[in-house]
Amino acid sequence: MSKIKHHLNDALLMSYAAGSLPEAFGLVVATHISMCDDCRARLGAFEAVGGAMLDDVATSQDVDLKATLALIEKGPKAPIRVDVTKLGLFPSALQDYVGGDLDAVKWRAVGMGVRQAILPTSKDASVRLLHIPAGCAVPDHGHRGTELTLVLQGAFKDEFDRFGPGDLEIATEEDVHTPVAEEGVDCICLAATDAPLKFRGLVQRIAQPFLRI
Amino acid sequence: STKEQEDLRLVECVLLIRDAQDKAAFAEVFRRFAPRVKAYLIKSGSDASMAEECAQDVMATLWHKAHLFDPTRASVSTWVFTIARNRRIDMIRKQRRPEPDELTWGPEPEPNAADVMELQQESNRLVQALSELPDKQRDLIQKAYFGDLTHSEIADETGLPLGTIKSRIRLALEKLRHAMK
Ligand SMILES: [Zn+2]
Ligand SMILES: [Zn+2]
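From first to last, the protein sequence lines stand for chains A and B.
Okay, so the first sequence: first residue is 8 according to the numbering used here, each after it adds one.
Okay, so the second sequence: first residue is 272 according to the numbering used here, each after it adds one.
No lab work stands behind these hints: they were computed from the structure.
Built from N, CA and C at the ideal position, the CB exists for glycine as well.
A hint or two may mislead.
[What the hints assert, rightly or not] Mimicking EDC-like on lysine to aspartate or glutamate, the simulated pairs with C-alpha atoms at most 20 Å apart in a straight line are: (1) Lys84(A) to Glu324(B); (2) Lys130(A) to Glu370(B); (3) Lys314(B) to Glu80(A); (4) Lys81(A) to Asp293(B); (5) Lys73(A) to Glu323(B); (6) Lys205(A) to Glu189(A); (7) Lys365(B) to Glu80(A); (8) Lys437(B) to Asp17(A); (9) Lys73(A) to Asp293(B); (10) Lys12(A) to Asp45(A); (11) Lys336(B) to Asp131(A); (12) Lys12(A) to Glu324(B); (13) Lys437(B) to Asp45(A); (14) Lys274(B) to Asp63(A); (15) Lys446(B) to Glu393(B); (16) Lys73(A) to Asp328(B); (17) Lys365(B) to Asp318(B); (18) Lys407(B) to Asp17(A); (19) Lys314(B) to Asp69(A); (20) Lys365(B) to Asp131(A); (21) Lys81(A) to Asp328(B); (22) Lys365(B) to Asp103(A).
[As the list claims (entries may be wrong)] Pairwise CB distance ranges, derived in the manner of DEER restraints: (23) Ala116(A) to Lys414(B): 42 to 52 Å; (24) Ala74(A) to Lys414(B): 28 to 38 Å; (25) Leu442(B) to Ala116(A): 24 to 34 Å; (26) Asp290(B) to Lys130(A): 41 to 51 Å; (27) Thr179(A) to Ser402(B): 31 to 41 Å.
Using the sequences provided together with the hints, build the complete structure.
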């Protein structure tokens, strides 16, 4: 996918490389990188910084080599597996959370034709799949923290730009927007937030606790 | 430089572990990294006994995953760092770590020696450049990598000199893609 225009920023890549990103954000990052070689190479560079930090750390304590060799004799704890791209719309990182591809998603209606499926992660942030019918809008909202929205299928436009397959929108506290799915194909996104959204409409504000947005 | 020779020797050791289950080569890699992994885990908030257990586990994982190491895409330090980081997320943060799909079924069995050399050299230049950063910036990067900064505390413009190493990794990725066709 060479047409990706909107990428991960340095802060997210460094945090993911360091291993301190909330799991929900990590899933969006891993999914984007599965679709984007540019960010994969940038991640490699940020991991190299981690390697340099490890090289540089002051050491005082030894580790037991004999015990480690005994551990090796026992064989790997879990089978060594490598995530290779599975066929389907979703990269395998995402398929692991869904329990399959698009046809395995358990959608729930959230109103105005939009459907969502919340994926299980640690509680410091949340991530969901969104299905926005072609031509429909997600209600306008602001953000209390950071919101990452990755397009998997179709495209949406908001006040800032157009986002197509593989594109990632990073929205922060200052941004208020109304994403609208383009005509044609329904839009499917993976969206993560580390704080609840701020809806402007009264109806959505009342519904919010029930929808867990 | 001697650092470069050391790094290339470490690559050789990992390949010896992969191809010959060479315990002497493993002991070399172990002496270099096991104490560093343990120190990294302690700095990241683990107590000494858990750090010992995890460090042993990380080094055993290195043995079992030696066939997945790609010296055209990472130095041994970088690779060990990623294994240690994943163990830390697993053991200390008790979270899953979503990983990007691999590009192929693994690295090429016989990586091109010149590519390996260049990647190791670039890694070395990065280490050099990092050591020349102002103390304040260096401390901040260390904090980030030991898990003390959140993504919103990390500035968007990190100012890290990542240019050449990024293009080396990009080149290695393109070669892998090409090899797959
Ligand atoms: Zn990207
Ligand atoms: Zn939003």
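Hint by hint, which ones does the structure fall short of?
3, 6, 7, 11, 12, 25
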